[in-house]
Structure formats: structure tokens, C-alpha cells
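A.B. asks: Chains as they are written, first to last, in the numbering used here: chain A, 13 to 163; chain B, 13 to 163.
Worth double-checking, as some hints may not be accurate.
One copy or any two copies: either way a pair holds, since identical chains are not told apart in the list.
Unchecked claim - Result set (BS3-like, lysine-lysine): computed pairs, CA atoms no more than 30 Å apart in a straight line: (1) K135 - K106; (2) K74 - K48; (3) K111 - K68; (4) K115 - K74.
Rather than coming from a laboratory, the hints here were simulated on the basis of the structure.
There are 2 protein chains.
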Amino acid sequence: MKLKLMGYLLLSLALLTSFSASAQFAKPEDAIKYRKSVMTVMGTHFSRLGAMAQGKVPFDAKQVVENEAVVELTAKLAWAAFPEGSDKGETKTKADVWKDPVKFKEAQDKLLSESLKLNAAAKSGKIEDLKTAAAAVGGACKNCHDNFKDK
Amino acid sequence: MKLKLMGYLLLSLALLTSFSASAQFAKPEDAIKYRKSVMTVMGTHFSRLGAMAQGKVPFDAKQVVENEAVVELTAKLAWAAFPEGSDKGETKTKADVWKDPVKFKEAQDKLLSESLKLNAAAKSGKIEDLKTAAAAVGGACKNCHDNFKDK
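Same shape as in the complex, but just chain A (with noise of 0.2 Å):
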């Protein structure tokens, strides 16, 4: 019985191993290059609701849906790709990442939440609401930064 449930460990051990696996990277910089890629694509859709949000150009419900799809998917993806090791190399993430994971994961979860607020806001279709949520992303992104990003 014991042998039988140590077998039963290891193997869900070794699928857990795999799929981690599969959700991970094969090398500390296709960590680096995949959550910087992510950024890149979040910071982009990001901006362009914030320029309507500013009144920088012309407010646009379907431009805000679109934008908003984008920023919130993005939102989820990066935070897989923070493994340990990937700390060094082309990249500007603190140690902090990995020394204080608490924190680390409170501020990945308030882009989320805050995320969802921008979701709502472009469902709404109002100016003032995406001004709100833009702000409120725009903070979430800030805090993360100033805590985990290197100038």
C-alpha cells in the first residue's frame, strides 16, 4: 500500500513536473524575452487608452474594447515567466521578485483586479469611466514598477 502510494506521488509528481514544464521556459532569457514581450504589447494598448482617456485623441468605444481586450489578457501572461535564474542577463527586474514573492504576487493581483475595472469601463462605453480605470491600471503598473523594475 505505501509502495503503491509512493507511486501514486511520483508519478503526480512527474505530470506536475511536466506540465510546469510546458507552462515554463526552456532558458532563463526566453523568460526574459517572452514577459519583456509581453510588456511591450500590454504597454502599447495600454497607451493608446490612456491618449483617449487624456482627450490626446478622439474617445472610441470600439477602440476602447479592443485596447481594453488586449491589456487585460496581457495582464495574466507575464507572471509565468518570472523563474528563478532569470534574474540575470538582459533585464531590468529587481531581485525582489524572487525575495519577497508576498509582495510581489500582491501587485501582480492588483493589475488584475484593476484590470477588470478597466473590462467594465469599456463596457460601459463612458469617457469618465475608462478616465477612472485607465488611472487606477496606470497606478497598478506604476507600483509594480517602482517596486520591481530597475530605472
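Starting from the known structure of chain A, fit chain B onto it as the hints suggest.
C.D. replies: Coordinates of chain B only, in the frame set by chain A:
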């Protein structure tokens, strides 16, 4: 069936158009950085689908859905990021993108229509469907890279 296919095609064309309309890059290098980032994100998630389709990692219907959503969205994004003048700099994009826009558009549309089949495969949750759709999307990637990207 033909009508359904035509519906998909029209939908992808509509999406393509709307994303192009929202395209705004201050400098050609911004467009280059953005399109490379989109491709990195798309490639990362598509390779995870490919690994499952090829049996290199265990098939997981939930992960198929998650990765497919990223591939499907990013497959729409890059095409607005090939403005005139972005042929110079840190890019492997061939001049044919601007010399033969009709052919380039066809290559984009092929990826978009194949990625919608990938969506159907993700919904079916069957590995055989994933294999077929992933091969078709991979063919669309290769077709575009062969014609429009330097080695």
C-alpha cells in the same frame, strides 16, 4: 459549411480592419519592437500547443484553451505594425511586405482563418482536432515567414 467558412473569413477581415484602424506608432522602431513582441508572445503560446499536439507534453484541454486564446488574439495584432518606413532598423522583415501588399494581406488572412479553426479545436477538446488545426496554423506561419521574413 461554405457559408460558415465565409462567415469566419468576413469576421477575420472585419477584425483585421478594426485593428489596423487603431494602429498608431510614433516611430518606425516602435512598430518594429511591437510586432516582434507580438510574434514572440504568439510563438511562445503556439509552441506550447504544438508540444501537446505532438505528444511531447501531456494533452490538457484547459491549457489548450488558454494558449489558443493568446494565439488567436496575437494573430490579429501584428498586422497593424508594418507602416511604411519600418523596413529599416532591427528587423528581418523583407521589403516584399510593402512591394506586394496583396500577397502580404493574403498571408495574414490565411493565419487569421486558420487560427479560427484552432479556436474550434480548442472548444472540441480533442487532441486529433488540435493536431490538424495546429498543423494548419504552423503552415500559415511558415508561409508568411518564407515569403516575408529574412532567415
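A.B. asks: Against this structure, judge whether each hint is valid.
C.D. replies: A quick look at each hint next to the structure:
1. K135 - K106: Neither: 36 Å inside a chain and 39 Å across chains, both beyond 30 Å.
2. K74 - K48: both (27 Å within a copy, 25 Å between copies)
3. K111 - K68: Neither: 40 Å inside a chain and 33 Å across chains, both beyond 30 Å.
4. K115 - K74: The answer is between: 28 Å across copies meets 30 Å, while 35 Å in one copy does not.
The structure fails to meet hints 1 and 3 from the earlier list, while all remaining hints are met.
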